[in-house]
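Engineer: Below, each chain spelled out in residue letters.
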Amino acid sequence: KNEVEQSPQNLTAQEGEFITINCSYSVGISALHWLQQHPGGGIVSLFMLSSGKKKHGRLIATINIQEKHSSLHITASHPRDSAVYICAVRILVFGAGTILRVKS
Amino acid sequence: GAGVSQSPSNKVTEKGKDVELRCDPISGHTALYWYRQSLGQGLEFLIYFQGNSAPDKSGLPSDRFSAERTGGSVSTLTIQRTQQEDSAVYLCASKGQPMNTEAFFGQGTRLTVV
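Heads up: the sequence lines are chains R and L, in that order.
Residue 9 in our numbering sits at position 9 of the first sequence, with consecutive numbering throughout.
Adding 104 to a residue's 1-based position in the second sequence gives its number in our numbering.
Hints were generated in silico from the structure; no laboratory data involved.
Since this is a predicted model, take the numbers as computed values, not measurements.
There is no bait here: all hints are sound.
Each computed EDC-like pair below joins lysine to aspartate or glutamate, with the alpha-carbon atoms no more than 20 angstroms apart: (1) K68(R) - E3(R); (2) K68(R) - E5(R); (3) K161(L) - E3(R); (4) K54(R) - E67(R); (5) K54(R) - E206(L); (6) K103(R) - E17(R); (7) K53(R) - E206(L); (8) K103(R) - E15(R); (9) K115(L) - D128(L); (10) K161(L) - E172(L); (11) K55(R) - E206(L).
Put together the whole structure using the sequences plus the hints.
Structural biologist: And the structure:
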C-alpha cells in the first residue's frame, strides 16, 4: 500500500463542473501540499495545509487530520485547469497524481 | 532571482559519464529539496537540506548519487557513472521560514543518458 494515495487517477470533466480530487495518507504529517503540474511545465504549489480549509479563487483544499484525508476541489472548472494534481506529505512523500482534463 | 533556478535545462550525456546538475534556490530559503521524475512516473524524493543540519539522504537511489549545498545556498546534484535508467527530469524546490510554508519548484533539468 502506498503511503499517499490519490483518487481518481484520471478525471475528465466538462467545463463548469465541480471537481473533487481525494488524497489519503498513512504517514505522519506536519503539512500536506497540493501541487499542480501542467504538461511539459513546471510544478506550482497550490496549497500547504496543516488543518482545516484554504481557498484560492476557484480552488478549495480541505484536510481532516483524524481521518488522514485531504480533498482538492475546483469550482466552475475550466479547460485551463487541465493538469496533473499531486498530493504530497511534507513534500517528501508523493501521491501518483491525478490527471485532470476539462473539456470545453 | 525571483524563483528557483535550475541549470542546465537539458542535458544529454553518454552512459558512464558523470553529470552535475545545479539548483539556485530563492534567496534566504533555508530548505532545499531534490526530486526525480521519470517519464510517466510520479515525483520521487532524493535528498533534503535544511539549514546547517546534516542532509536527509534517504531518497538517494544508489551511491552514484550525491548532493552538496555550499554556503547554505546553491546546491549541486552529482550523478556518477550515469546509467540509462537515470534518464529523468530532476527537480529542485526550496522553502523559507517558517517551515510550514509553500514550496517553490524550479523548472527542472531533463537528463537523457544515451
